[in-house]
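Participant: From first to last, the protein sequence lines are chains A and B.
Just so you know, we're using our numbering here: the first sequence kicks off at 1 and counts up by one.
Just so you know, we're using our numbering here: the second sequence kicks off at 1001 and counts up by one.
Do not take every clue at face value.
As the list claims (entries may be wrong) - Some chain A residues near chain B, calculated using beta-carbon distances under 7 Å:
no.: 1; residue: 44
no.: 2; residue: 45
no.: 3; residue: 103
no.: 4; residue: 104
no.: 5; residue: 106
no.: 6; residue: 110
no.: 7; residue: 114
no.: 8; residue: 121
Hints in this document: simulated from the structure, not taken from any laboratory.
These numbers were taken from a predicted model, which means no experiment stands behind them.
Heads up, the beta-carbon is just placed ideally off N, CA and C, and yes, glycines get one too.
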Amino acid sequence: MDDNVKKIMHVMRRAPHGSIYTYEGLEMILIMAAYEQDLSVAFIGDGVYALKKNQNTDGISMKGFAKTFMALDGYDVEKLYVDRVSLEERGLTEDDLLVDVELLDSAEIGRRMTEQDVVIHH
Amino acid sequence: MLHTINTSPFESPAMEECIRFVQPGDPVLFIENGVYAVQNGNRFSDAIAALQKTSPVYALQPDLDARGISSVDAEVKGIGYDGFVDLVEAHQVNSWL
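Turn these sequences into a full structure, and let the hints steer you where they fit.
Facilitator: Below is the structure:
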């Protein structure tokens, strides 16, 4: 693999509309994708809410960006990991999510973190 | 992989989330308001004790001192900035901001 290609994992940890973290994180992912880096995105804790279906932000005057996660595939960002515990403790299942993801145990996501060149939390 | 936590566990789920993902043997370092986690006898002492069964736990001494925390959970190692640098040199960093 090209030396200029780094393995980079973005970890989404916050609910989407209460702060700018998730949106900025998504922007960063798209920018890095343009540089053809080896990207993965892990959704843990409140981060899983970013992928919730049927988000409608019209009433809060915020840009809705949930659907942008669906576009990641088009940028070759295909490694989307969701922490099973985080999803279950929020009463959600895979059916509640906008995109196809890999549902993984925390230990497995933790193991994949150790394989990265860089891990960035949002 | 070195995990750093910089928020109070009373304010943020970062520590409890981190603990779930840490691989056995990986060191965990508490810095800034994160050091409140290791104050002896708080609500998180059991979690810290459990974590220590598989991982070494450190707290940045200047941050403990700045917050008046003199009694920390057993076997939590207070380290200075030089120790922080040693850890960063030896491990890749996973900063749970």
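Participant: Against the earlier hints, flag every one the structure doesn't satisfy and list their numbers going up.
Facilitator: Violated hints (numbers, rising): 3 and 4; every other hint is consistent with the structure.
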